[in-house]
Amino acid sequence: MCASKFSAFLTSHHLQYGFKKNMGCPNAIFTLQQVTNYFEQRGSTVCMSSLDASKAFDRVDHAKLFDKLLARSVPICFLRVLVDWYSILQSVVRLNDVFSLSYIVVCGVRQGVVLSPFLFNIYVDQLISDLSSMNVGCYVNKEYFGCIMYADDLILLSPSILGLQDMLDVCCEFGADNDIIFNSRKSVCLKVGRDWSKCIHNMRMGSLALEWSQILNIWVLCSRLAHA
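Read the sequence shown against the numbering used here and you will find it ends at 258, with the numbers running on by one and no gaps.
In short, the hints are calculated from the structure, not lab data.
Watch out, some of these pointers could steer you wrong.
What the hints assert, rightly or not - Straight-line alpha carbon distances no greater than 27 Å define the calculated DSS-like cross-link-like pairs of lysine-lysine that follow: (1) LYS50 - LYS94; (2) LYS51 - LYS85; (3) LYS94 - LYS172; (4) LYS216 - LYS228.
Unchecked claim - Derived DEER-like restraints, expressed as beta-carbon distance ranges: (5) GLN156 - LEU125: 34 to 42 Å; (6) THR41 - SER243: 31 to 39 Å; (7) ALA93 - GLU203: 17 to 25 Å; (8) LEU125 - ARG72: 54 to 62 Å; (9) PHE129 - ARG234: 19 to 27 Å.
C-beta atoms are modelled at their ideal positions from N, C-alpha and C, and glycine is treated no differently.
Let's have the full structure, built from the sequences with the hints guiding it.
Following this line, the structure appears as structure tokens:
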């Protein structure tokens, strides 16, 4: 259904590499390598942040998802089916052979359902659009590559520290508005290029600090191996 009649309404940003035909993690890695190589060869440094969204698929707010679909002018008949499906979604907790009372599920996309990845991409698609509209981040030949997303994994790329912090602020605001929590303990910042070893104060994700990784030489090595 989603691959034919309604596919035009379920498309997501081209910088989202997850859950797409003929696309995958190798494509995202290749893009990352090419962008960092581009700046490194020109004597610049790329400041990056790898963000971990905690249980992002389980935190999709159904009401907000329906609003996003409605904003895309999704056919009402299709939206009504989704609303009906998710409004009666219930779950129970099993402990050994004992089951709890059922409760209504108001967030999260259903696991194992073909449509769920499309719905998740739509739910987070605005974040990529918000980042690309900032006029900060990495550009290659005037094309924006300031973020690379694979499902719920996000990497931000900026040629400046200030630009990276601005992008982190946008991610923090989007997370607050859409119930997405970025785990600062699993999120890191790193630099690739000429000034990768310079000491810089930690970046901020809201009130939390994001530390700079100390294994940047591995990224430089990967960049050079790509040309071997």
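Hints, verified against the model:
At most 27 Å may separate the alpha-carbon atoms for a hinted pair to count; LYS50 and LYS94 meet this at roughly 23 Å. A hinted pair counts as satisfied when its Cα atoms are at most 27 Å apart, and LYS51 with LYS85 qualifies at roughly 24 Å. Restraint check for LYS94 and LYS172: not satisfied, since their Cα atoms lie roughly 33 Å apart, outside the 27 Å limit. About 22 Å separates the Cα atoms of LYS216 and LYS228, which keeps this hinted pair within 27 Å; it holds.
Look at GLN156 against LEU125: about 38 Å separates their beta carbons, and that is inside 34 to 42 Å. Here the CB-CB span from THR41 to SER243 is close to 34 Å, well matched to the stated 31 to 39 Å. In this structure, ALA93 and GLU203 meet the distance hint of 17 to 25 Å, their C-beta atoms being roughly 19 Å apart. Between LEU125 and ARG72 the Cβ separation comes to about 58 Å, which falls inside the hinted range of 54 to 62 Å.
The given range of 19 to 27 Å is broken by PHE129 and ARG234, whose C-beta atoms sit roughly 44 Å from each other.
The structure does not agree with the numbered hints 3 and 9 stated previously, though it agrees with the rest.
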